[in-house]
Amino acid sequence: MKAYLQRRILFALIALAGVTVVVSAMLHISGDPVAVMLQSGMASQAERDALRRELGFDKPFVIQYLNFVRGALRGDLGLSLRFRQPALTIVRERLPATFQLAAAAMAFAILVAVPIGVLSAVRPRSLVDYAGRLVTLVGQSIPLFWLGIMLVMVFAVRLRWLPSAGKLDATSLILPAVTLGLYPMARIARTLRASMFEVLPHEYCLTARSKGLSEQLVVIRHALPNALLPVVTVIGLQFGALLGGAVVTETIFAWPGLGWLSVQAVQARDFPLVRAIVAVVSMLLIFINLLTDVLYAYLNPRIRLG
Amino acid sequence: MRRHARLEHSVWRRWRLGLALAGGLAVALGGWTPPASAADPLEVVLGGEPTSMDPSVDTLKSSLVITNTMLETLAMNTPQQTFKPWLAESWQLVAPTKWRLKLKRGVKFHNGEPFDADAVVYSVKVFRETKGLARGWFGFLAGAEKVDDLTVDLVTNQPSAIVPSSLAFLYVFPPKYHGQVGSEGFARKPVGTGAWRFVSWTPGVQFKVEPNPDYWGKKPTVGEVHFRWAAEGSSRVALLETGEVHLAQNVPPALAERVERSGTARIEAVKSIRKVFIQFNINEGPTKDPKVRRALNHAVDVESIIRTLFRGRAYGRDKGINLEGFEGYQGAKLQPFKYDPELAKKLLAEAGYPNGFETTLWHPIGRYMLDKEASQAIAGQLARVGVKAKLEGMETGTYFGKMSKEKVPGMNFFACGPLYMNPIFCPLVHHQPGAAFAYGADERTAGFIKAYTETLDETKRIKVVQDFEDYAYNEQIAWIWLWHQQDIYGASNKINWKPRSDELMTFEEVSFK
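If you read the sequences in order, they're chains B and H.
With this note's numbering, the residue at position 48 of the first sequence is 48, and numbering never jumps.
With this note's numbering, the residue at position 510 of the second sequence is 510, and numbering never jumps.
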């Protein structure tokens, strides 16, 4: 286990270095941050060059990247160009909101998906199954922005039950969480349904039935825990996707997370901020993947990490 | 049996959890009531969140809307596109490169620091040395010198007629506080002399200001102002419709009708100061010939683009360089280019292009209203006179980088919205050799700009600016003149509010009905 963890951490560091190199290089070739900053055109060429020098953008790419790494090792990811504040501080301020939204979306997804997955597997081709499959089909194919806007139209503008955007009170979380949670809900429900089908005909379920246990007990006690194993992996992957991919939802609901911030940072060529966001989010993803694998091994005695 | 009992227990536990969640949800739902009554603060939603409250760092208009409630400038732009004395009560030239400013007496910063000559000297230094977006804006200033507590001299590198109008962007910082916390600290907790003072800023969520009880000027009628941000236009409209906000910045034209039909809010639209045009590369290719440039002006049907693409929400056809309210504005004296494809073809033939030519139209995507769609429409119209313009659309950051670094061939889509109410503002960016986007720069424009900035006599200066405009518009023709944008705001029916043309929102005049 220890060797396994060491290896995973080493891989994580390599991945992190790779991601930051790629992102830095992509930003570097995509444009000059000073040109974007001074787009009002008021600054003379001399002023532009001076600012470029002061910000260190006159140096070759490799030197710029090495400077970033040197700082990063000391926990300093540089000053954001646009904010003139430490990039890490800004990321730290926004991360909780993104995390909160992802967690709420995942909670919604699991709470809805598990009953759908189980019921449609237990009663295949029943009305419940068809309804469940329809919901999951819709959940996987509906465009996020459309769903978000529709939910706002219905629950905020028409019914006035919920706030339409922002994060001023606790109820602000509901609409974005549902919007964001619909897709993972569908994924989880479908995975669970398929996995239940696989598990239900197994001998241990037959044994349980032959012991005279009710079907309900067989399903909940014996089938579900085993069927949930692949779901754990799906949840882990989906949670990672939620952290990195909430841009659309955060934009529609003006949610103060990393999503919209990262779009703006890229548009402004705010290199230090983009790098900080990417580094922090990649680290989280790597950690979540690791956690999923460890959890999977723990839950499934047939898997041994090593 | 025992197992059975445990299971039942766990099932019950789940039910309990579910009920608790549902109950919590119900309580939370019940707890939310939409705001809006006369005693409430003014709620405003903007298109983007500021990065800093230091106006030398963040100069975006949606940021300045907030900054301007707390910080003040030496001169003040008016809704009539002129400017008037503000924290500086008067200015006069005492030497060719020296403007003497008399400062308002008895003004204090929110933290008690006095507003005086030291504050102005300090602020000029901040703007000169900033690493933010205002870098280079005061490049013509060599520095500021204190004469006495309420008198300060602005020293320029060359004689400069720009100084008075530029005072409307010279924000004043409290030297002690700003020196102590630096731009980094000031960014999050600004202190100014303005009608409101800082209360709180929760990043991404909300910004609050409250009335400054010691304000030197006319006290605003509304109390606290709360700002929030939504990048998505439909979200801003939804916030307005539900009554969660009273004012929404930048309503997308397609949603304007929805706001009008809502019954709770209305549209307030205004002709923007922002001029939209297409620049030619006047130094190479077919666009080198002024006759070709004239021809292409006649080939574009601006009115039909405004009618169809903008649904009437733009103002055309634009003409000239100067803007209404600015010194030397010539108004109706300039004739707009008429849409006349036959004339365009004739001029092209005279220039030696009877069958047109191939060129490129560069444009940003998403920087200006409908920039991509408008470029497509224009390319289509040019094709009708035989000019095949290849479209090169780019994301904003890439676009400005490319346009400033290279001088791209063909044509490029641009806009200029002056920050100072001065006729030379746009030429300094577009007609001054060496400037970032100086596609229209030649020897004569350089001469006019130099003459304008160095002519301190107003009557003579006005003559210069008018001669310059006559040249740039009628002879040189460095642009295809298009339109002025329309700025569209949504306002709740509960408030009285009027928009301004300079993309800024002010709240001094707001009142609840």
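Take the hints with a grain of salt, since some may be wrong.
Computed footprint of chain B on chain H, listed as stretches where at least three residues anywhere in the stretch have a Cβ under 8 Å from a Cβ of chain B [as the list claims (entries may be wrong)]:
| no. | stretch |
| --- | --- |
| 1 | 46 to 55 |
| 2 | 179 to 190 |
In silico lysine to any residue, SDA-like type, Cα no more than 20 Å apart, as pairs [as the list claims (entries may be wrong)]:
| no. | chain 1 | residue 1 | chain 2 | residue 2 |
| --- | --- | --- | --- | --- |
| 3 | H | 405 | B | 263 |
| 4 | H | 407 | B | 248 |
| 5 | H | 61 | B | 55 |
A short list of chain H residues far from chain B (calculated; beta carbon distances all over 10 Å) [stated by the list, open to error]:
| no. | residue |
| --- | --- |
| 6 | 84 |
| 7 | 104 |
| 8 | 132 |
| 9 | 202 |
| 10 | 398 |
| 11 | 509 |
The hints are simulated quantities; they were obtained by calculation from the structure and are not laboratory data.
Every residue gets a Cβ at the ideal spot worked out from N, C-alpha and C, and that includes glycine.
Violations among the numbered hints, reported as their numbers in ascending order: 3, 4, 5, 8, 9, 10
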